[in-house]
Amino acid sequence: MRRVRILVFVGVCALLVTGCGAANSIVNPKGSEAKSIAGIWWVAFGLATFVYVVVSGLIIYAITRGHRKGARTSGLRENSFIWVGGVIVPVLILAVIAVLTVQTTASLRAASPDELHIDVTGKLWWWGVRYPASGIVTANELHLPAGQPVDIHLTSDNVVHSFWVPQLAGKEDVIPGQPNDLRFTAKTVGTYIGECAEFCGLQHAHMGFRVVVQTPADFGRWVARRQIAPSEPVSDEAAKGATIFDAQACAGCHTIRGTSANGKVGPDLTDFGSRPTIGAGALENNQQNLEKWIRDAPAIKPGTAMPSFRSLSEGDIAAITAYLESLK
Amino acid sequence: MAIHTKVNEQLEHELEEKWTDEPGIPGFFNTVDHKRIGIRYIYTAFIFFFAAGAIALVMRVQLAQPNSHVLSPQTYNEFFTMHGTTMIFLFNTPVLAGFGNYLIPLMIGSRDMAFPRLNAFSYWVFVLSGILLYSSFVIGHAPDGGWFAYVPLTNTPYSSGINIDFWGIAVVFVGISTTVGAINFIVTIFKLRAPGMTLNRMPIYVWSMLVFSLMAIFAVPAVTVAASLLELDRLFGTSFYHVAGGGSVLLYQHLFWFWGHPEVYILFIPATGMISMIIPVFSRHRLAGYIWVATALVAVAFISFGVWVHHMFATGVPALALSFFSAVSLIITIPSGVQFFAWIGTMWKGVVQFRTAMLFAIGFLLIFLLGGITGVMVAILPFDWQVTDSYFVVAHFHYVLNGAVVFPLFGAIYYWLPKMTGKMLSERLGKISFWTMFVGFNVAFFPMHILGFLGMPRRVYTYDAGLGWDGLNLVVTIASFVFGLGALLTLFNFLWSQRHGESAPPDPWRADTLEWATTSPPPEYNFAKIPVVTSRDPLWDEQPLRVAEPGPEPLSALTATGALEKTMPVTEGMDAKPQATLGIPEPSYLPFVAALGVGGLFVGLLVKAALIGVIGVGVGALAVVWWLWRTDEDLR
Amino acid sequence: MSQATLPVTTAPRDRGYSTAWWGMVVLITTEAMIFLALLSAYFFIRASVPRWPIGGLPEPELHRSVIFTVILLASSIPIVWMEVALKRGNMRQVKGTLLLAFLMGAAFLGNTAYDYTHMDFGWRVNAYSSLFWGIIGLHALHVLVGLLMSATVQVKVWLGKVSPERHTTPEVFALYWHFVDGVWIFVFTSLILSPHFGR
Ligand code: HEA
Ligand code: HEA
Ligand code: CUA
Ligand SMILES: [Cu+2]
Chain A
1 MRRVRILVFV GVCALLVTGC GAANSIVNPK GSEAKSIAGI WWVAFGLATF
51 VYVVVSGLII YAITRGHRKG ARTSGLRENS FIWVGGVIVP VLILAVIAVL
101 TVQTTASLRA ASPDELHIDV TGKLWWWGVR YPASGIVTAN ELHLPAGQPV
151 DIHLTSDNVV HSFWVPQLAG KEDVIPGQPN DLRFTAKTVG TYIGECAEFC
201 GLQHAHMGFR VVVQTPADFG RWVARRQIAP SEPVSDEAAK GATIFDAQAC
251 AGCHTIRGTS ANGKVGPDLT DFGSRPTIGA GALENNQQNL EKWIRDAPAI
301 KPGTAMPSFR SLSEGDIAAI TAYLESLK
Chain B
1001 MAIHTKVNEQ LEHELEEKWT DEPGIPGFFN TVDHKRIGIR YIYTAFIFFF
1051 AAGAIALVMR VQLAQPNSHV LSPQTYNEFF TMHGTTMIFL FNTPVLAGFG
1101 NYLIPLMIGS RDMAFPRLNA FSYWVFVLSG ILLYSSFVIG HAPDGGWFAY
1151 VPLTNTPYSS GINIDFWGIA VVFVGISTTV GAINFIVTIF KLRAPGMTLN
1201 RMPIYVWSML VFSLMAIFAV PAVTVAASLL ELDRLFGTSF YHVAGGGSVL
1251 LYQHLFWFWG HPEVYILFIP ATGMISMIIP VFSRHRLAGY IWVATALVAV
1301 AFISFGVWVH HMFATGVPAL ALSFFSAVSL IITIPSGVQF FAWIGTMWKG
1351 VVQFRTAMLF AIGFLLIFLL GGITGVMVAI LPFDWQVTDS YFVVAHFHYV
1401 LNGAVVFPLF GAIYYWLPKM TGKMLSERLG KISFWTMFVG FNVAFFPMHI
1451 LGFLGMPRRV YTYDAGLGWD GLNLVVTIAS FVFGLGALLT LFNFLWSQRH
1501 GESAPPDPWR ADTLEWATTS PPPEYNFAKI PVVTSRDPLW DEQPLRVAEP
1551 GPEPLSALTA TGALEKTMPV TEGMDAKPQA TLGIPEPSYL PFVAALGVGG
1601 LFVGLLVKAA LIGVIGVGVG ALAVVWWLWR TDEDLR
Chain C
2001 MSQATLPVTT APRDRGYSTA WWGMVVLITT EAMIFLALLS AYFFIRASVP
2051 RWPIGGLPEP ELHRSVIFTV ILLASSIPIV WMEVALKRGN MRQVKGTLLL
2101 AFLMGAAFLG NTAYDYTHMD FGWRVNAYSS LFWGIIGLHA LHVLVGLLMS
2151 ATVQVKVWLG KVSPERHTTP EVFALYWHFV DGVWIFVFTS LILSPHFGR
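Protein chains in written order, with this note's numbering: chain A, 1 to 328; chain B, 1001 to 1636; chain C, 2001 to 2199.
Just so you know, these hints were derived from the structure itself, not from any lab. The structure presented is a predicted model; accordingly, all values stated were derived computationally and were not measured. A few of these clues could be false.
[Claimed, not checked] Straight line, CA to CA, 30 Å or less: simulated DSS-like cross-link-like pairs of lysine-lysine:
| no. | chain 1 | residue 1 | chain 2 | residue 2 |
| --- | --- | --- | --- | --- |
| 1 | A | LYS187 | A | LYS264 |
| 2 | A | LYS69 | A | LYS187 |
| 3 | B | LYS1018 | C | LYS2156 |
| 4 | C | LYS2087 | B | LYS1566 |
| 5 | C | LYS2161 | B | LYS1566 |
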């Protein structure tokens, strides 16, 4: 019995350790809020282990006591036992936790004067992203300067979503009729996985995004690059693709800045070529996948508002692909 | 002595005659016997348990590997919605009501519930609402909005099919059953306790069902309102939750969780009540700290109405309010701690017998300890921001629901089924079942904590490889099957025992409470003579049990308790002095007809057929009027 | 064998309220929670919008409402009377008071129906109208059920099925009626009165 428990305990610890090292883990924090929360977690974990070990030890002692050799009737005083174990010790432990909770909460999500504002909109099922100061519009991808506080302003005109980047901060729901703000500071350069955490329908599983945390200098360059409209198509093929994109329904749903495409139904594609994924994390962004996507998006992401374009010829699709991939 | 025996035989004979339930199909539809109804409740609820469990296993197959296509996204969403909804509404709540129905009159030394016909009614409503909900599968449009069906996703235009209507209507429908059942329990417990069973001599299980019922009375209206307003929006075009019309999305969440949180304790408290019965019997020691435990139950009930916002920590409610709800959520652990140490103390002072029921109780302790601790963790506001809506929460609530509720229920099966069916279950098979379930459970649900840490959100129908989720999910799936197998073993054990099991003596466990004072299974009138209670553990303290005997005046004590008639004693609410006797109604079809009427109303709403609805209301109203008509006749 | 000495055999018995009456008490509690939930919803939404009523809908009519409120509340008086008369066995008074209360309740319901047909907005307009008519409608439904119960009780009285010894149905009905009246005080104050004061 005891041996089993020890084995289980060791196994659990091993699992936890692997959990910590892994990317995308909340105990591998790279942002201010995630760091504080991981701090709380370790305290809570310590206390929890203590409580679990002590109390399960008591249980095991209690169930075996009567079977021990020479066991006599126990002199345990029931009232004191309950007082101490059920009230006094828990109150002390909970008091520690409560103080920690209140302190940490107070230090989190506070507005700061030099914060960078970003508008994030939850769509079905992708994320619209806008930087009000610089007018940059993109989708499914956020760029953040390391070390600068950000204010992510969350809105939705459809259903409830939840914005979550485990390594940077906790969740904040995206609620129709009630804009919310998530404030934190990204600390370490890198690319982090984000996802929608509130069930929002058929493709809730594919409503991911990426957060690219850059040095302030890199971030500045990114902003500068994004403010110039994309250059003219670089190749003939891409030029052909641009024409088809305009002529087809694409332009009615998607915006590409500097062109006549200004649809608002789907994600802005102005910088599509630089995005790591297609369809909010449904596919990796490469030429082949993009062709697949354009040909039949609903097959890849059932329920998406983007229609299939099986009527387009292979050549046309290749051309559009070349065009979109060139938008960087 | 001799005279008494003669009185007994004669009495039993007379009672037998007064009590004959009709056999066969008519008896099936018109019985109002709390024992038959209770057993039926339990069987029906377990059918739903196995159905929802099977659904979960299919979900687990889909999640075993990344990017798999066992289920389409739509089917997956329907499955987890039906899994959660069934488990909460059609398994957990009714199964507790079933045990309560069966056990409470026996434990308090009565002969039936206060309103036997209402009792039958609440069973029929439960069954019909279950059939209504599951007919959605038949037509291929099962609800797909999750068990809490958040708006606007579940509202028009985002869910315009009939799917969500099944959910909304079934929730209101089954709520009627819960409410009616709760009314019945409350009045039964307050008014029908055997003479001498003062409040502080009531078995803890009865306390727990009293708390269960009181909580239901106060909480269920909130979910009824939440779901009704949703259905009004959906069916009649009102604007309660439509942001464009000034409605509010968070209103729904508040209403839902104002019920939803108390609900999880509604499910949990009777389970602890069962544990408080099982542990003392198999520790051969009185429950330590009876008053503590009873007080803790009542305290949990109160506090649990002040924590609902902890399910909404990430909704942007102002931080000050959130901190308050976080703190109250921490406080609610204290009554649980009290109960916990009362149980440990009991085992400590006694000598534990490792019968199957007790193994389930010990398993419960180890599992609930962990589930409770993760509950405390998610009550830490900032920590919850990280893990809410992730598999960490899924792990928490399976540790408490599947662990801290299902394990006691299985313990209860091993403990009380012999009383109900008169057959002993196999201990050997029971122990194998326990260990399979215990190991399967922990291996299945522990890794979910880690999945949550690794960022796996709940309610995703699939996930990509390479996030560190693959292996863990596979382990979870395999172990879920192990757990399911363990549960099937108990099912098998039950079926086996009905044919081959030893017949059960009246008191196989040498237990302390009144249900063990009568035969297994008990006669229709439960007790030929009404017990008179002078202690908390009557069967331990008084051998033989004290009963109302013919007094100095001829048969006066028997008459006073109504023991000679098809009646039961009504006692004063607090100190249980006999007050009057209450007649027990004859079998009746009215409950079934009334339930059909209510069902008609809801089916009419569902298929938007006014006529069916009107007929339903008409039938229901007629049945109720008829019922009222006869009320006075039944009172003696 | 030990023998139980039952206090009942000697002490005079106070039969207390019937179990049905207690059942009604609990039912009323849960019904009250329904109204509490709805009124909370009303104030929750009211607090979340800038103007009340939303969308320039008219404020609720006051004069007639007050008159019929008084009528409804006053209808509890004949019911109390009925309970006393029943104890005394005065069945004529029982019949009279039941009928009077019935008519008062019916008048109130008639006024609600009049309002609904004469207020020029239904419950689909916006959240305000949904809440207003939703809550008023639910209360009206309760009055209707009360009237049905009253009718049943009256028939029973006329058929001689009610007597000072058999009084469960009228007793339970009376309780329900008082509840329907009582809850109207809250509905009236919140929905009809309060919009006239402040936002
Ligand atoms: C049986 C049901 C049950 C029970 C008993 C509990 C018990 C508790 N739950 Fe749980 N909970 C659920 C069912 C239950 N829960 C469900 C179904 C959900 C999810 C719903 C959904 O989203 O679908 C949920 C979700 C949930 C949340 C929201 C998470 C989220 O969605 O983000 C929170 C947050 O505070 C919470 C807290 C708690 C707490 C503090 C307890 C406490 O009562 C636990 C107290 C017990 C102990 C702590 C163990 C014994 C105590 C001791 C031995 C004393 C010493 C201990 C210490 C000092 C720590 N629960
Ligand atoms: C009492 C409550 C209860 C119980 C007992 C269970 C039991 C189980 N649950 Fe459940 N679960 C919930 C309540 C419960 N669950 C709730 C409320 C949700 C939230 C839903 C939502 O998000 O809306 C949830 C969600 C949920 C999820 C998350 C889905 C998601 O977010 O995407 C998962 C995933 O693994 C899961 C798995 C399981 C498993 C494997 C079991 C196992 O214990 C099941 C074991 C299997 C059996 C016991 C059946 C054995 C039967 C057979 C092998 C077939 C034979 C058939 C016959 C004999 C007829 N559950
Ligand atoms: Cu958006 Cu889930
Ligand atoms: Cu809760």
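Note to self: Checking one constraint from the list: CA of LYS69 of chain A to CA of LYS187 of chain A, max 30 Å. Satisfied?
What the structure shows: 60 Å, violated
Note to self: Does LYS264 of chain A sit within 30 Å of LYS187 of chain A, going by the straight-line distance between their CA atoms?
What the structure shows: It is violated: about 33 Å lies between the C-alpha atoms, which goes past 30 Å.
Notebook entry, point to check: Between LYS2161 of chain C and LYS1566 of chain B, does the CA-CA distance stay at or below 30 Å?
Noted result: Distance of about 22 Å is within 30 Å: holds.
Check: Keeping to a limit of 30 Å between CA atoms, is the pair of LYS2087 of chain C and LYS1566 of chain B held or broken?
Finding: 27 Å, holds
Note to self: With the threshold set at 30 Å, check whether the alpha-carbon distance from LYS1018 of chain B to LYS2156 of chain C stays at or below it.
What the structure shows: Distance of about 28 Å is within 30 Å: holds.
Violation of the numbered hints given earlier is confined to hints 1, 2; the remaining hints are satisfied by the structure.
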